[in-house]
Structures are given as structure tokens and as C-alpha cells.
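Keeping their order, the protein sequence lines are chains L and V. If you count the first sequence from 1, position 153 lands on 153 in UniProt numbering, and the numbers rise without skipping. If you count the second sequence from 1, position 437 lands on 437 in UniProt numbering, and the numbers rise without skipping.
Bear in mind the hints are in silico, worked out from the structure with no lab data behind them. One should not assume that every hint holds.
Identical copies go unnamed one by one, so any copy, or any two together, can satisfy a pair.
[What the hints assert, rightly or not] Think about it this way: if two alpha-carbon atoms lie no more than 25 Å apart in a straight line, the pair counts; the simulated DMTMM-like pairs of lysine to aspartate or glutamate are:
1. Lys-70 x Glu-59
2. Lys-328 x Glu-165
3. Lys-384 x Glu-481
4. Lys-282 x Glu-605
5. Lys-335 x Glu-218
Remember, predicted model here, so these are calculated numbers, not experimental data.
Protein chains: 2
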Amino acid sequence: MAQLISDRRDVDFVLHEQFGLVDHDKFAEFNKKTVDLIVSEARNLAIKEILPTQKPGDEEGCVLENGVVKVPECFKRAWELYKEGEWLAMTDDPEVGGQGMPKMVGIAASEYLVGANSAFMLYSAMTHGAAKLVEAFGTEEQKALYMKKMFSGEWGGTMLLTEPEAGSDVGALTTSATLNDDGTYSITGSKIFISAGEHDLCENIIHPVLARIEGSPEGTKGISLFLVPKYLVNEDGSLGDFNNVVCTGIEEKMGIHGNATCTLSLGEKGKSIGTLLGEINKGMPEMFKMMNEARAFVGLQGFGVATASYMYSLDYARTRIQGRHMVKGREPGAKSVPIIQHPDVRRQLLNMKAMVDGMRSLLYLNGKCSDLMVTAESDEEREKYSDLVEVLTPIVKGYVTDKALEVCSHGIQIYGGYGYIKEFPVEQLMRDSRIFMIYEGTNGIQAMDLLGRKLSMKKGRSFGYFIEWMEKTIQESKSVEGIENITASVESAKEKFVSTAKILGDRARSADVMNAFSFAHPFLEVTGDVTMAWMLLWRAMVAAPKLVKKAGSLESSVVAEKAGKNKDVAFYAGQIRTAEFFINTLLPSALAKMDAIVAGDRAVEEMPEASFGSK
Amino acid sequence: MAQLISDRRDVDFVLHEQFGLVDHDKFAEFNKKTVDLIVSEARNLAIKEILPTQKPGDEEGCVLENGVVKVPECFKRAWELYKEGEWLAMTDDPEVGGQGMPKMVGIAASEYLVGANSAFMLYSAMTHGAAKLVEAFGTEEQKALYMKKMFSGEWGGTMLLTEPEAGSDVGALTTSATLNDDGTYSITGSKIFISAGEHDLCENIIHPVLARIEGSPEGTKGISLFLVPKYLVNEDGSLGDFNNVVCTGIEEKMGIHGNATCTLSLGEKGKSIGTLLGEINKGMPEMFKMMNEARAFVGLQGFGVATASYMYSLDYARTRIQGRHMVKGREPGAKSVPIIQHPDVRRQLLNMKAMVDGMRSLLYLNGKCSDLMVTAESDEEREKYSDLVEVLTPIVKGYVTDKALEVCSHGIQIYGGYGYIKEFPVEQLMRDSRIFMIYEGTNGIQAMDLLGRKLSMKKGRSFGYFIEWMEKTIQESKSVEGIENITASVESAKEKFVSTAKILGDRARSADVMNAFSFAHPFLEVTGDVTMAWMLLWRAMVAAPKLVKKAGSLESSVVAEKAGKNKDVAFYAGQIRTAEFFINTLLPSALAKMDAIVAGDRAVEEMPEASFGSK
């Protein structure tokens, strides 16, 4: 079995040719050479150590015995190596034990790690998110006790949010906190769907818990955040008593079997002691500060399985011999050919590639925005990149994970019957991918976030930055030979998108809000489609002049002939073709969807509830 | 857990209001009363006896021990009751042991049975298909030995087609047949992916096997069909020796765990004796005669899981309380509401309903065409309905199963995190559904069949019948009050579709064939979309006058008010709203896709193979 995750040439292209590394003192040590080494190291770790845990992790899953959750045995060595390499905090401040890498570089490294085993990497992401909460809101004492051990991966972390009656509606939670005489709190309640909630990878697990202090207001305004360790930690950092965070069950899921999804009970079999993290009743805004990172990670998980599924399918399509060529196969004595020569297989591969390439650019760009926030010379600039991250987040999480499932489904289809059996990796990738559309805010929530918050944020200024950047690429593309048609198509799509956004945004703030939100998800879809078109045009814009240089011509027969011999010609030609495919064949449907959004059919809002059906 | 599969009101609507039963002597005993009883009986069996096997079937799966495959234990009782009820041959000729039901009625009954457990019903479908082969091509002796026992379900049946190197390319198969002195053949070879290939539901299994007689031509022209029983059958019908059809493995799959997907070895551990079925070297055309039925069944499987997923999601959306109403929730003291009140949940439900309703109509119509073939007064009429089945088959199989996966994915999304865990039924439905896009000819093959064969069949006459029927509905709709706008939209969509079909069909017969077939699947998609629009318009056309009668008005506030109290008002209003939703919101994307097909971008054909990527 080939071990495939990502197209390294494409990773390098996005890092160095499409976007370029951020040039700033702050990231001085991360020059091209170092960055390439980091990506190579991540790739090595991913392929040699993490990928071998993918299938066993799926088969063994996690086992709960007497309150103890055992992860798949092979995860332990992988975790040790992951810790040793200091990957968990690769993009964090050296002061907290991090490596200080640019986020964009961290994403490049992570795409290999996540693509190798998204369930395994969820232990890391949960820990990282929890550590960031401590970094952002912890007292000096909390930081000293927990933070570095979390950033190193010695201790794990989670996020205890969901309850049986409080999923998307967090404000309905009932977990309670009671102040003790010593300033700590006793936490009581039950939490469900806790990723990495209990496991034996780490000697301790630090749970940030959302709970309501007795007497606090109802709803989200009365929620506070607490740190509740699995084992209490003594002042010298040694472990004390078990803190009665009891795992009462783990879910049997469609996929990501390697990650334990736990039901945790607090304060029911003895006291569970927590300390307040941040301010009383500010739990929701505090948690929201970490949300962009968490959602970007889920987008990365979607992308990771998508790129892996594409790489496997491509390899299979090149090597699987089946059926004759549609034209050449008519000649007498024609032999069967690799299935990549069949039009429908090529169509599916190109569909996957367009999505995977576009996702990669989008995710790296989102990472680069975070880097540019750090290196910004002015508050305005910093705010601009922060706003861009706000706008990009629902696309990165919602659109990417929707499309990841589609890509993974194509992957199975290319394998045919072999795609449906567990012997080949694409089957698991699709099962794993289905959760990414749900957790960290369902994609319906992402769509509401985009339409209801991001579109109108700061009176539309944030969204304006997003459109301006798109326009900049379009303007630059206009002077590039060979991409005139797709540039014009993206420009008119952008214009239609801007007017659609205006109309729907106005509707969302009018009395017609129910109609507007019945189109929230279609609006997320077209936003994503236009963003993909933008990313792919940008790639083509970078590639076209280089292709002229390498192939001497953009003429398709010349390019085709040289592509087989020259890797650069093949690569750059692929950028243009992929952009053409997406923009000419898929983007038109998005334009029609915009028309439908503007038309605003009322069936969704007006359908009587009884009309949906009976048993 | 509610036990939900199908909306009985909708089943009755399609049978009696949209299409009507075939009125003919041949089906005289199947009047409305009898048909309703049959559907009720199927529903009872499905819900009481088959549905309880769904989850255990998934969990236990099939087990291979020493060449013997054990099905999930609970399947045995269900199979006995299924046999007792004579369901397997419900639509077959009484002469062969069938009940002689109209196909359309059989489909209505089957939608419950398949929706209850698609893996279980695959044992029945494989047996039925094999029995039909014996009926169509068997000698009197073969019929006497095998046929009735297969139609009764006493013995099972299969179809041994696929080999490791011969999947979509059947002509590449290497299983061989050698003539014995007594006129039988010794069959040697290995077959894979054999659904219901070996199991302990029946005392014998009759395998139709595709093999090449020594000396026959290469490719599909040299393939013959043989009957190879698991146990040889003596002249008196008693079982003889084991015939060395050895199960060497069963696949571990994403879903349909209850059906054994077997690797079978013939003639390797002793002789496997078969008798020729039909004529030498005519195996492929013989098998093709059964293909429409097999493909219709797979479409029915897709539809079955889709309707079940919809019914569960609808029930969940009506009972799950989470979050406040977007508008009314702003009032002080507003309580949380059932999630069916949230716009994005409604959108998804309506999307599911539009698909499920449209699929039901399409499948029943396809069944009715078969009935009208039987009752046709002239050869012309018979040929017309036969042609319609030919044209509808790739849509029924390809489009329906593509959309079934989408419907099942929506089902999971509506459940949120609960959708991803095995505790709720929608998780399994999605896993099960993924195979339907692959077996019985991948959907890529269906798309090629539609574009390459069905569009040009009989110089376009067959396709013409399909368009004419669509036109008839549109013309009739024009005089119906309240559906003027959607009628006009479907008419213009139909016109654009006809011109797209003409352009793409011409291209497929030109030197530009590779380009044409790179749009084969998009063409299947738009064909399906237009067909759905047709089906939903037809429903609205039937419903609108009845709604006026029941509600006194088509005005939405009047209808909404009465829908809560009057089931008919709710039902008929739902038909119109669902048609509006699909036609106004989803159909526009199909029109844009047609434009893209006509534009004929060349990226898929011209993308250099090396440009798809490297490792």
C-alpha cells in the first residue's frame, strides 16, 4: 500500500510561489530552507509513525473499562514521538514552550499530520485549544501549574461544553459551580460528546468546563469557565487525588474511532474541584476567542482527509488497469488501460483536485492572515487581518468540511467496489470526514455565523476586506497571458456575489429574516465556491508566466507533449487546467444558486409543519 | 425509538392519485382495496419483523467459518416469514409460483421491505434475479429443477460476474468452462464481490456464472452463462453432493454488513459442475436482459434508505427541543423550540422531502411502465413502454443512488452529533447507501449508458417518448390554478434540456467523443434534476385543485391556518410547496450545469496525466 497524504510540490507552491513566507524579524529564523526542513520532518513523522496508526486506530477504537479509556495501543509511541518533536506547540510563543513558527508553516506541517490520522491529531488539537485558554485567561498560578505541560503534550486537554439538552444551544447548559471557602469551585453536572475526554495517552487531563455559578443569569450570559483537572495538581506540580471527573461512557461512532468521545460526569461520585478561568459569567466570550482556532482545525481535518483521499485515488487511477480507451480502444488489438484514461474518472479526479488545491490555498491564506496580524505595523493593519480571519473562518470550517465529504465520496467511487471495503484507505477517510460537518458548530451554525455576523460585522468593513483582496487578485490576473477568460468569469462571479451578499444581508436585517436565513447555507456554499474560484485563479495567475517560460508556449498540444517529461511544465499546466475546470464547469452552478437566493422562494419558511409528512 | 420507513399517505397518493392503478383484466384482482391491503401487509412485515433485524444485522454482520457463512441470526426468522408471505415473487407470473401483482404495486410494497433492511432484501433480490434468468433462458429441465424453489425463497440465487481483473470491464473475465462428456461443463475460476454469495438462509444456492468456454472469442462476445448450484440437484429435486463452490473470504465493508459479499472459488478444490443457461457465447446479452430489473432494485435500495432517513429526521426535528425561534425567540421569556422551526433544518428537510417524493414517483412510474408493457394493446405501445424503461433505468439507478447518499447525509446533519453515533438509525443508513452508487454498474457506467446508448437508441425515438411524456404533464399543468410559475419554469427547463441533449448527443457521435463523455455524469445529473422537476410538478398539478377544494383557497395564510387541523390540506399544500422549493431553488443550478455542458470546457480531456499531481 502506497503511503500517500499530500502533494509536496503543491505544498511548496502555495508556501513559496502563491503566497510567500512572511518576511519579518519575528519569523527571521523561518527562512525557506528551515521551512522546507520542517515540512519534510512533519511529512516523515506523518508517513513513518502516524500513518501506520490510522487503520489500527479505526479497528481497535477506544475501550472503556472501569472508568479508564484505553486508546489504540499504537497511538502511544506516535504520541511520544509527536511530543519529542515538540509539534503540539509549533506555532506558539517560545515563552510558553512553543517553537514560534508562522501559522501558515504550521498548517503546512499539520496537513501531513492530520492527513495521516485525523482522530489521533484531535488529541493534540483539544490539548492545544485548552492550553491556549490557560495562556489567554489563566492566572499566573494556573499558568505555572498547567500551561507548559499542556503545550508539551505531557498533559492532555479538552473542552467540556455540550450537554444532552445543550448542543448548538450552549446557553441551556445546567452544569453548576458552587464556590468553596478556599476560592475553588465544586463543579457538578454531566457533559457529552467530549472529544479526547478521557484517555491513557497522558498522565493528567485538564478540562476547561463551562458551568453556571449558582445565582448567575440564565442563558449564555451566566456561564463561566473553569479549569478542572482529572487529577488535582499539588503546588509543586506533582499529581494529587483523582478529581472525580468520571467517564461513564464512550460513543460508538461512524468514524474517528481512535479518538474517545466521552460522557463525563463531574461531582457525582465525589467532589470535582475547579478553579475559575478568566472572569465570572464571561465563559462564553472567552471560549469564543478560541473558536476561530478550533474551527480552523476542523477545516484542516476536512482538508487532511480530502487530500489523502485524492492522493490515494490518483495513485489507484494511474495503476488500476480496467477497460479500453474510448477512442484508441476501437483499434484492433487495443489493450486495457489505466482507469485515469477514462473521461468520468478524470472528471472526478479533477473535481477532487480543484477542491483539494483550493482548500489548501484557502487554509494557508487563513494561516497567513494570523501571521500578518502578528507582524502588522499598525492597529489598522492588525485589525484588517483579524477581520479577514473572522470572515474566512465559517468558510474554512463550513464549506471545506462540506466539500471534504464530497471529495472522500469521489475517492471511493474511483476505487469502485474496492472503495467500499476496509482493505483500502478511502473507506475510512469518508467515515472519518462525516463528523467534521458537525462538531465545533454544525455547518448550519457556520452558515448563520457568516450571514448573521460576519457579513455585517463592523458595518460590512470586514467583509469588504475579503472582497477587496479578491478584487486585487482579479486585477493582477488581467495582465496575465492565457487566463483572460477565467479572469473575466471570476470577475463577473465576484460582482454577482457582492450584489447577492448585499441583498441577502439587507434581508437578514429586515422583517424578512426567516426567509434570509433559509438561504444561509446556500449563501455559505456560493461564498465558498467564489472563494475557491479566487484561490484557483490566483494559482493560475502565478503558474501561467512560469509555464510560458518552461514550455515556451501555452498551446495545449505543446504543453501536453512537454508535460510528460518536465515536472514543472506538468505542474504549472495543471494549475491552469484545474482553474479552468472549476471556473468554466462548476462555478456557473454557483451563479445560478445566487439567482435563486436573490429570488428568495418562500417554501422553506411557509411550508406548514404538518405538510412535511406523517408516518 | 420510533419505527419509521415511509410516509403511507404519500405512497397512497402516488399509487391512486398521481398515477392510478393499471385498469386491465390481467390485473383485475388487484383493485384499490386489495392493493391497499398488500401495502399494509408489507408495511406490517417490514416494521414488525424486518426492521428489528436492521441494527443487529449491522452489528453482527456475516461470519465465515470453514467455508460456511453465517448470516445474522435474526435474519432467519425474517426470511421464513418473508417466504411464507410469498413476497419474493409477488410480481411474477402465477405459473412460476408468483402472485402476479403489478410491478408498481410490488415497488410500493418493496419500499417498506427495503427501507427496513436493504442488506436483508439483497438476498431476495439476488435470488429473484437469478430465478428470472432461469425463467427466461432455462431448459424445461433447468426450470423444473430450480425455478420454483428459487421464486419461493427456499433456495437462494446470486450472480457470479466480477473477477479481480474484471469489474466494470466484464469482458476481461478469465473463468473458464470445459465441456464434459455428459453435456455439463466444469467451471474453474475465482469470482469476487458476490452479494449473497454464500449463506445459511437457504439449503441450496443457485449461481448463474459468467464464464468463457475454451476456444470462445476474447472479450464480451465469448462469454456464456452457466447455472452452478452450491449442491448438485438430483433428478427428483433432492440435494446431491457439494459442488465445490467454495467461499474463500467475505469482505469487510462500510455498510450492508448483513449481506455476505463473498469471494468464491470454483473448480479448485474439486469439480464445479454447471449446465449451460441459454446459448453459447450469449451470456452477456442474456445477462443484460435482467439488468434493468437489477438496476431498478438498486435504485429502490437507494430510495429505501433515503425515505427511512427522511422519516427519522423529520420525527427527530419535530421532537428535539433546542434553541429559540429566530423571530419569536426575541420575546422575553421565549422558550426553546423543536428544531423543525429553525430555517436551516427546514431547508434540509425540504431538500430531503423533494428528493424522496420525486424518487418515489419516478420509481413507481418506472414500475408502471413495466405494467403497461404487459397490458399493451399493440406492439407499438409495448415497445414504447419498454423504451421508456430503457431510458429511465440509468436515472433510476444512477441519479437516485447519488441523491440517496445526499439525503442520508442530510439525515445525519439534522441529528447533529447524535447523527454520527450508532445509537440512532441514520448513521447506518448513510453507510449502507454508499454501495448503491457502485454496484450493478457504477454511476459512471450509468451516465455512459444514458449518453452513449439510451439517448441515441432507435435514432432518438426512445428518448423522444420520455420528453413527450414530460411535455404532456407540462401541458396539463398549464390549466391548473396556482402552479403557473413553476409550470413555466419546468417548461423552459425542459426546452433547455432537450437542446442540451441534442448538442451533447451529437458531440458523443462526433470525433469530440472524449469531450462529450467527460460530461456524461453532469448530463445524468441534469437529466435527473429535470425528471425530479417533472415528477414534482405532476404531484403539484394533482394536488392543487384538491387543495382549493379542501382549503377553499390557495392563499398561503389560509392554507397554513387550516393545515394544522386538516390532514388533506397539509398534505396537498406540501406537494405544492415542495415542488416550488425544488423548481425555484434547486433547478436553476441544473440549468447552469446545462450551459456548462454546452460550453464544453476541455480541461478534463486535455489535462496532462502528469499534471494531476505527484506524491
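**OP:** Pop the pair Lys-282 and Glu-605 into one bin, within, between, both or neither, using alpha-carbon distances up to 25 Å.
**Re:** neither (35 Å within a copy, 57 Å between copies)
Original post:
How would you classify Lys-384 and Glu-481 at a CA-CA limit of 25 Å: within, between, both, or neither?
Top reply: neither (31 Å within a copy, 54 Å between copies)
Subject >> Lys-335 and Glu-218: within-copy, between-copy, both or neither at 25 Å Cα >> reply: between (72 Å within a copy, 12 Å between copies)
Original post:
Using 25 Å as the alpha-carbon threshold, which applies to Lys-328 and Glu-165: within, between, both, or neither?
Top reply: between (61 Å within a copy, 20 Å between copies)
**OP:** Classify it for me, Lys-70 with Glu-59: is the Cα-Cα distance of at most 25 Å met within a copy, between copies, both or neither?
**Re:** both (13 Å within a copy, 22 Å between copies)
The structure is inconsistent with the numbered hints 3, 4, although it conforms to all the rest.
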